[in-house]
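Engineer: If you want the building blocks of each chain, they are given just below.
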Amino acid sequence: MRILACLKQVPEKDSRYKIDDTATGIREEDLVFETNESDVYALEEALRLKEKLGGEVVVLSLGEERVLKTIKSGLAMGADSALHLTDPAFRGSDAFVIATSIARAISDQNFDVIFTGVQSEDMAFAQTGTILAQLLGWSHATIVMEVNVSEDGKNARVKRELESNLFEVVEIPLPAVLTIQSGINQPRYATLKGIMQAKKKGIRTLSAQDLGLKNSQLGSMGSVVDHQKMFFPEKKKKTVILEGTPEEAARTLMERLHKERCFSRWPSAERNSLCLARFWF
Amino acid sequence: MPEETLALVKGGSFLIQETSPEDVFTPEDFTEEHRMIAQTAQQFMENEVLPRIEEMENKEEGINEDLLRKAAEIGLVSAAIPEQYGGAGLDQISTTIVSEKTGLYGSFATTFGAHAGIGTLPIIYFGTEQQKAKYLPRLATAEWIAAYALTEAESGSDALAAKTTAVLSPDGKHYILNGTKMWITNAGFAQVFITFAKVDGEKFSCFIVERNFPGASTGAEEHKMGIRGSSTRTLILENAEVPVENVLGEIGRGHLIAFNILNFGRFKLGASAVSGIKYVTNEAIRYARERHQFGKAIIDFGAIQHKLAEMAVRIFCAESMVYRTVGMIDTAMRSIDQSSPLATTEILKAIEEYAVECSIIKVANSEILDFIVDEAVQIYGGYGYSQDYPVERCYRDARINRIFEGTNEINRLLITGMLLKRAMKGQLPLTAAARNVLNEILSFPSLEEEQNDLLSGERRILTNCKKTLLLAAGVAVQKHRDSISDQQEVLSLLSDLVIAIFAMESMLLRVLKGIARYGASKLEIQIKAVQICVHSALPEVENKAKQILAAVSEGDELRTQLAALRRFTKNTPLNLISLRQAIAQKLKEEGKYFLS
Numbered sequence: 001m002r003i004l005a006c007l008k009q010v011p012e013k014d015s016r017y018k019i020d021d022t023a024t025g026i027r028e029e030d031l032v033f034e035t036n037e038s039d040v041y042a043l044e045e046a047l048r049l050k051e052k053l054g055g056e057v058v059v060l061s062l063g064e065e066r067v068l069k070t071i072k073s074g075l076a077m078g079a080d081s082a083l084h085l086t087d088p089a090f091r092g093s094d095a096f097v098i099a100t101s102i103a104r105a106i107s108d109q110n111f112d113v114i115f116t117g118v119q120s121e122d123m124a125f126a127q128t129g130t131i132l133a134q135l136l137g138w139s140h141a142t143i144v145m146e147v148n149v150s151e152d153g154k155n156a157r158v159k160r161e162l163e164s165n166l167f168e169v170v171e172i173p174l175p176a177v178l179t180i181q182s183g184i185n186q187p188r189y190a191t192l193k194g195i196m197q198a199k200k201k202g203i204r205t206l207s208a209q210d211l212g213l214k215n216s217q218l219g220s221m222g223s224v225v226d227h228q229k230m231f232f233p234e235k236k237k238k239t240v241i242l243e244g245t246p247e248e249a250a251r252t253l254m255e256r257l258h259k260e261r262c263f264s265r266w267p268s269a270e271r272n273s274l275c276l277a278r279f280w281f
Numbered sequence: 001m002p003e004e005t006l007a008l009v010k011g012g013s014f015l016i017q018e019t020s021p022e023d024v025f026t027p028e029d030f031t032e033e034h035r036m037i038a039q040t041a042q043q044f045m046e047n048e049v050l051p052r053i054e055e056m057e058n059k060e061e062g063i064n065e066d067l068l069r070k071a072a073e074i075g076l077v078s079a080a081i082p083e084q085y086g087g088a089g090l091d092q093i094s095t096t097i098v099s100e101k102t103g104l105y106g107s108f109a110t111t112f113g114a115h116a117g118i119g120t121l122p123i124i125y126f127g128t129e130q131q132k133a134k135y136l137p138r139l140a141t142a143e144w145i146a147a148y149a150l151t152e153a154e155s156g157s158d159a160l161a162a163k164t165t166a167v168l169s170p171d172g173k174h175y176i177l178n179g180t181k182m183w184i185t186n187a188g189f190a191q192v193f194i195t196f197a198k199v200d201g202e203k204f205s206c207f208i209v210e211r212n213f214p215g216a217s218t219g220a221e222e223h224k225m226g227i228r229g230s231s232t233r234t235l236i237l238e239n240a241e242v243p244v245e246n247v248l249g250e251i252g253r254g255h256l257i258a259f260n261i262l263n264f265g266r267f268k269l270g271a272s273a274v275s276g277i278k279y280v281t282n283e284a285i286r287y288a289r290e291r292h293q294f295g296k297a298i299i300d301f302g303a304i305q306h307k308l309a310e311m312a313v314r315i316f317c318a319e320s321m322v323y324r325t326v327g328m329i330d331t332a333m334r335s336i337d338q339s340s341p342l343a344t345t346e347i348l349k350a351i352e353e354y355a356v357e358c359s360i361i362k363v364a365n366s367e368i369l370d371f372i373v374d375e376a377v378q379i380y381g382g383y384g385y386s387q388d389y390p391v392e393r394c395y396r397d398a399r400i401n402r403i404f405e406g407t408n409e410i411n412r413l414l415i416t417g418m419l420l421k422r423a424m425k426g427q428l429p430l431t432a433a434a435r436n437v438l439n440e441i442l443s444f445p446s447l448e449e450e451q452n453d454l455l456s457g458e459r460r461i462l463t464n465c466k467k468t469l470l471l472a473a474g475v476a477v478q479k480h481r482d483s484i485s486d487q488q489e490v491l492s493l494l495s496d497l498v499i500a501i502f503a504m505e506s507m508l509l510r511v512l513k514g515i516a517r518y519g520a521s522k523l524e525i526q527i528k529a530v531q532i533c534v535h536s537a538l539p540e541v542e543n544k545a546k547q548i549l550a551a552v553s554e555g556d557e558l559r560t561q562l563a564a565l566r567r568f569t570k571n572t573p574l575n576l577i578s579l580r581q582a583i584a585q586k587l588k589e590e591g592k593y594f595l596s
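Residue numbers (our numbering), protein chains in the order written: chain A, 1 to 281; chain B, 1 to 596.
The following block holds chain A by itself, in its conformation from the complex (with noise of 0.2 Å):
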C-alpha cells in the first residue's frame, strides 16, 4: 500500500494571537507552531495500516521552511519519507489552491489511500481532504473514527460519526480520502531512535513551478475564499453591581432581568448581554 499523510502546522493551541497589518491575517512572528491535532491522529492511523499491510508511508506538507519541523516529526513517528510543498507564492493560499497543489504533487505517485485530519485547528474550514478528492476524482469519507482496509486493499469499512451520537458505517472503493477525527487512536511517540533516524530519511521539494501552477492559481489570486476581514469578537459581557440591601439588589435584579427579557422563551440579543450580577454583602 502506497499511503499518504497530509500534516498541517498550526500555531499552538494557546497562543496569543494578533492580528496582522493588513486586518486578514494572523501575525506569525512570535508563534510557535506544531502539528495540527487531528492530522497527528491521521498519521498513527496510516502508520497502523502500514503496519498491517505493508507498504510505504508518506507525510506530506505545505508552507514556509518552518513546516520542516512538522515534516521531521511526522518522519521521527515513523513515515518512510515525505513531501515539502514550498513556494512564496502559496501564502494566502485557501483549501482549494491546497487541494490542488497536494493533487499536483502526488497524480502520479499511486498512492492508494490518503489521511488527513479532519479540519485545522486554525481556519476550521475542514475542506482541504474532500475538495482533494473531488480533484482527484476518489471517493472520500469525513470524520472518521474507525478505518478497515480489506486484505486486498480495495476496499475500505469506515466508521463515521455523525450528529447526536450517532455513527454510520460506510464502505467505499479505494483510492480514497479519509479525513480523521481527533481521538481515534493514541499516536505513537517519535522515539529516539526514530528521531536520529529521520535524519536519513528522504525530504523531496516541490516549488509551484514543479507542479506547473501559475501565480494567478495561488495564493489570494486562486483561492475561491475572499478573506475580508479578521477581527477579535467584541465584548459584549459587562458586570453590573447592584447597590443597596441584599433584599434591594435581589428586586433590582428581578426587574433587570424581567426587562432584559431573559425569562422570554427564546434566547434574545440583549440576554447575551447580561452577565452574572455580582453582589456585595
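Be a bit skeptical, because a hint or two may be false.
[Claimed, not checked] Subject to a maximum C-alpha distance of 30 Å in a straight line, what follows is the list of computed DSBU-like cross-link-like pairs (lysine-lysine):
hint : chain 1 : residue 1 : chain 2 : residue 2
1    : A       : K236      : B       : K586
2    : B       : K570      : B       : K546
3    : B       : K296      : A       : K235
4    : B       : K513      : A       : K18
5    : B       : K592      : A       : K13
6    : B       : K132      : A       : K199
Calculated directly from the structure, the hints in this document are not laboratory data.
Only a predicted model underlies this, so the values are computations on that prediction, with no experimental measurement involved.
We have chain A; now place chain B onto it with these hints.
Structural biologist: Just chain B now, with coordinates in the frame of chain A:
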C-alpha cells in the same frame, strides 16, 4: 550533535579567563533533533507520568517499573547506552535534555536517574565487554532496573569510610560481601546494584550485585519527607556471593567509579531541577493570575511580581549553567576516539575535568529549586500548605536535592578544594592570576574607560567579581597555606563566590550570544534578567568577600584589602524593582515562564 564546533575549555578556567559568547553552548543551539527529543520526553512525562502521581505517592506497586519500561520503549532510558548494546548512543546534550524533562515529577526523576544515570553509567564506562553484553541490553529495555548503593549508616559524605567488606572465597570464584547500604533508590525493584566494598577490609572496590545472588536482600521501604513515589530501602549483604567476574573496574580503584559517577549524578540532578522549577513557576503564575484579593489578581501586586520575576530569573540562570556545562562535557567527549583502548581513561579525565562545574550546578540548582518551591508555596498562601495543590508536594520533594549526591556542604568544600588542588599542581594558573590581583591592589588604580555598550556594565561587574574572588582566595591561601582545607567556613564562602561568578557569566554569555544572533530587541526581557542577576549578586559577593578578608587579615593589611574590595565592587545600582516589574508583567501576559 551541535552544529557548530565549540572550543575545548579547561574546567574551572572560567575564573581566570574571558570566555567568548560563541564558545558557550546554550539551549538556543539545540538542533532539530534535540528539540524533538525534548518534545518526546515532555509528552512522555505529561501523558504517562503526571496522571499517575497520586498512585505513585500512595506507593502502589509496579508503577515505577511500568513507567521505566514505557520510557525504555521510547528510548529515553537507553539514550546514553551505546547502540551495540541496544541503546540510542546519543550525545551528552540529548541525555541531559532527557534528564531535564524527567524532573517534572521529583519521584520519577529520582527513579529514572538512579536507573539510567548512576545505576547504568558505571557499567557503560567501567564494564568489561562481558559485563556490558550481559547487563546493558537488559538495562536498556528496563527489563532489569539498576540502583547505585554507596552510602552506609555511618558513611555518608565520608564514603570511603565504608564498612562493607569483600573477601575472596576459598575457591577463588566469588567475593563474599558483608555490610548494609542505606537510602538506596530503586531498591524495592532493582535487579542490579552497583555497590562498593573493601576487599580484605582496605581495598575500596566496586561490584555488580544482582538481587537474586545468595545473601543479597533489601529492607523495608523508608518513610520519607518527599519523593514518596520513589522506592528507598537498605541493601543488605549477608555473606552475599558475588562472582569474581562481577568486580567492576579494578580492585582497590572503586573510588574512581564512585566519585566520577557522582559527578554525572550531580550534573544530572541540576539538569532535572530545571524542569521542576519551570513547572512550579508556571503553576504559581497561573494561580497568581486567577487568585483575586482586594479586587484584583494577586499577580498585579508588586510583592507577588517581585517573587515571580526572581523565580523566572533563577530558572534562566539554572538552565544557562546546565547547558553551558554540558556543551563543555560534550565537546570533550567528542574529541575522544571511542575505539581507542585508552578511551575509558580519556572519558574519565573528561568527566573529572568538569567536576567543579558539576558540583556548582548541583549546589546552585538544588538551592534555586528550594527557593522557587518555597516562593511558590508562599504565593499560594494557605492553599500552598494544603495537599490539594501540587506545590505542597513539590516543596517536600525538592528538599532532598540539597542532601543526596553529596550534600551541598560537601560540594561547596569540593568546589574550592578541587580548584586549589589544580592551582597547586599547576594545572590551572589560579596562583598567578591571584598574584596579579594582589599586585594590582598595591598599584595606583587605573582609570577605566566607561563603556556604554549593551551589558558592558554587567561585564565589568563580572570581571571585578572574579578579581574579588582571586583577592579573597589569594589572601586566604597566603594566610592558611597547607591548613586551608581545615577552614571550612572560608572555603564555603569562596565557593559561593565561584558559584555566583559561574551563574552570572553563564547567563551573560547566553544573552550576548542571543543578541548577536537575534538582535537585542528580541531579548529585552532576558537582558533585564541578566541585569537583575548580576546587580543582585554583586553586593552578595562583596559581603562574603568581606567576611573572608576579616577572618584572615587584620590591621593595615585588612584596610588595604578592603579598599581594593571597595574598588572592585563599586557600582551605581540599577532600578531592579522596575526591571522585575517588567519581567512580571510579561509573565502575566504570557501566562507562563517564557524566557527560553
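Engineer: Return the numbers of the hints above that this structure violates; sort them in rising order.
Structural biologist: Nothing - there is no hint that the structure violates, so all of them hold.
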